[in-house]
Amino acid sequence: MGIIAWLVLGLIAGFIASKLVNKQGEGLILDMVLGIIGAIVGGFIFNAFGSVGVTGFNIYSLIVAVIGAVVVLVIYHALVGGRRRI
0 MGIIAWLVLG LIAGFIASKL VNKQGEGLIL DMVLGIIGAI VGGFIFNAFG
50 SVGVTGFNIY SLIVAVIGAV VVLVIYHALV GGRRRI
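Going by numbering that gives the first Met the number 0, the sequence shown opens with residue 0, and the numbers climb by one from there.
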């Protein structure tokens, strides 16, 4: 999968995961970064359970990336969420 496809998949997955976790986006760049990291984490999670990870630019890969991005966002909010509130 090309770098542009990773960026687009990461942006979509990060945006969807942000809406699921905290009902608002984190911003364009942070959504994209969290989505790409989420795709990698989702791939590891799915591989650990005996399934395949991200296979390309398709719906299955988007689901894997969103699940991974939700996990990353929950961890991110647990670590940073308390410090950002004023």
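It should be emphasised that the hints constitute simulated quantities derived from the structure, not laboratory data. Be a bit skeptical, because a hint or two may be false.
Each pair of labels, with its calculated beta carbon distance range [as the list claims (entries may be wrong)]:
no., residue 1, residue 2, range
1, A77, I3, 11 to 21 Å
2, V73, N46, 15 to 25 Å
3, I74, I28, 29 to 39 Å
4, I74, L27, 18 to 28 Å
5, Y59, I2, 19 to 29 Å
6, Q23, L78, 27 to 37 Å
7, I62, K22, 30 to 40 Å
A virtual CB, placed ideally from N, CA and C, is assigned to each residue, including glycine.
If you check the beta carbons of V73 and N46, does the distance land in 15 to 25 Å?
-> Since V73 and N46 have Cβ atoms about 20 Å apart, the given range 15 to 25 Å holds.
Check the following: the C-beta atoms of I74 and I28 are separated by a distance inside 29 to 39 Å.
-> At roughly 19 Å between Cβ atoms, I28 and I74 fall outside 29 to 39 Å, so the hint is violated.
Holds or violated: 11 to 21 Å for the Cβ distance of A77 and I3?
-> The hint (11 to 21 Å, Cβ to Cβ) is violated, given that A77 and I3 are roughly 32 Å apart.
Falls inside 30 to 40 Å, the C-beta gap from I62 to K22?
-> Violated, at about 20 Å.
Beta-carbon spacing of Y59 to I2 - inside the hinted bounds 19 to 29 Å or not = holds, 20 Å
Using the Cβ atoms, figure out if I74 sits within 18 to 28 Å of L27.
-> holds, 21 Å
Does the Cβ pair Q23, L78 satisfy 27 to 37 Å?
-> violated, 18 Å
Of the numbered hints given earlier, the model fails hints 1, 3, 6, 7; all others are met.
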